[in-house]
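Construct all of the structure, not just a fragment, from the sequences and the given hints.
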Amino acid sequence: MLGIDDPKIWSAYLLCILSALFCVGYGLVNWNKGDEIVRPEDKKWVEGEKKAEKDL
Amino acid sequence: MDNNMLILTIVVALYLFMIGYLGYYGYRTTKNALDYLVAGRNVHPFVMALSYGATFISTSAIVGFGGAAALFGMGLLWLTFLNIFVGIIIAFIVFGKRTRKMGHNLDAHTFPELLGKRFNSKFVQGFSGLVIFLFMPLYSAAVLIGAARFLETTFPAYINFNVALLIYTLIICAYVLAGGLKGVMYTDALQGAIMFVGMAALLVFTYVKLGGVIVAHQALGSLIAKVPPKLVEAGHMGWTSMPKFGSSLWWNLVSTIVMGVGIGVLTQPQLAVRFMTVKSNKEINRAVLAGGVFILFMTGVAFVVGALSNVYFVNNPVFGKISLAVAEGNIDKIIPIFINSAMPTWFVYLFMLTLLSAAMSTTSSQFHALGTSIGRDVFEKVILGGKNAKHTVLITRIGIVLGVIATVILGYKLPGSIIAIATAIFFGLCASTFLPSYIGALFWKRMTKTGVMASMLTGFFGTALWLLFVHQKESEALGLCKFIFNKPTLAKFPWVVVDPIVVVLPISLVVAFSVSLFTKKIDKEHVNACFKNI
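Line by line, the protein sequences give chains A and B.
With my numbering, the residue at position 39 of the first sequence is 39, and numbering never jumps.
With my numbering, the residue at position 334 of the second sequence is 334, and numbering never jumps.
Honestly, the hints are just simulated from the structure, not real lab data.
Below, a list of computed lysine-lysine pairs in the DSS-like style, where the Cα atoms sit at most 30 angstroms apart:
no.	chain 1	residue 1	chain 2	residue 2
1	B	Lys482	B	Lys230
2	B	Lys492	B	Lys244
3	B	Lys532	A	Lys43
4	A	Lys51	B	Lys390
The following label-pair restraints were derived from C-beta to C-beta distances:
no.	chain 1	residue 1	chain 2	residue 2	range
5	A	Arg39	B	Leu480	46 to 56 angstroms
6	B	Asn162	A	Met1	41 to 51 angstroms
7	B	Lys521	A	Glu53	29 to 39 angstroms
8	B	Ala174	A	Arg39	36 to 46 angstroms
9	B	Ser341	A	Asp5	20 to 30 angstroms
10	A	Asp5	B	Ile7	40 to 50 angstroms
11	A	Val38	B	Ala529	13 to 23 angstroms
12	A	Val29	B	Gly329	41 to 51 angstroms
13	A	Gly48	B	Lys413	35 to 45 angstroms
14	A	Met1	B	Ile405	47 to 57 angstroms
15	B	Tyr412	A	Met1	40 to 50 angstroms
Glycine included, each C-beta is placed from N, C-alpha and C at the ideal position.
Printed below as a string of structure tokens:
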């Protein structure tokens, strides 16, 4: 397969490509899923982070 | 100064100007991830993924592990698989979403702070901060060495390794001082984009030069007779085969390189906090798309090209020998020598920017994690008992400076062929020390403070003892075992080549879960607050 005899190598080669394709598929299928409103905790966290950044 | 040197200087200066401008623009318009979050808008998912990817992938992965692939062969692709499967799929989908929500629920801004607040423990936060502060320089030095090796190889007449290291240190320090720590996302994203183009071009060039995908792989397979006898003895069975099962080379590849780095990515403090800067799970879902492809083009390309460099060097009459011999035994030099001799001059410039981007984006976040770990996690939390002191910022800055100094000293002192090893040690140490606690923090409400403390101490000291007295490569170099017991290691084969992560991480996991079952539960109200909306 792919000019490689050892199945432990060509399977790794293919798995790399397949896992990247899974990422593409997952991203496309869930493209519009998971939207959330900004909660007070989120805002408080951002304020804390901005302050730390500004101070530094 | 010859023309090439002049052109390169101009290209690098233009690049730095562009990065500086984008950083300034981002600062002026305050269009960073945080503002988007507050405004309830989404950061473009590709920007988030490129930013995460640029932080994740460094010169260590490209130069160091690419060189390791030239030694071990294409078996390193198992690491690329884990980089995508664990580093993107598990890290984003399973860990990232909960990390973001729990981080916001607890108002945690660093990885140690997340663990410390989740388990209501100053010790957990302080100890985690100290481990990161003391050992992160090993990883940042590996990144710096990777960049410096390329510069040294490109201009051997003008720049030696020490000067190259100094040049990179100055560039990175200037970047950090100019606000690189703030992680202005468009800067990171530009760096990620340059890395993507550089690596994609490298893959195409290499395969074209060697006659195509299948021909190149077959040529690599046919080099089996060129494997040096010492490597054959250690278990090497050619560059398109895995090493002999159970041999020292097999353990080295599988336990240290593949498992250590592949699993350790989950507990990289500078990466875990990235998830907190996005607004919703939607952004994480979308970022998975670009993240997987990005990593494939980073480590996947580096490892394939690293292994194939053997074909180029053997077939080229100027060299006529395998990569390891061309680099005179220093695997960290293989990728730089290959790029400089096999690729057109303009590509060498592009690759220089690729490596500069990879080094800058990673080291700036490493120094940020270093500084906050000592300033916020150790000084403010443990020494001042959680009071927000005006000195925290000063201590953080001092921490960054000390981190830079330690990084540069290690860069000068560490031996050759060290990039992959130093990176793997840090990743493995983080996995054994933090992973059981991180899993428990996010997924098991019953995990207790005592369980976490016991697990962290087991993971840290277990790894340290294993490196000092068992794993021969390190125990021999560190010399304590020889000093006390008058022998380089206390163990016998195969334990002397088994990475600590294989032994210590499972023990640390068992300790975390079993001790938790027999110790005092964390207050239910606090646990519920941690898991709010999760």
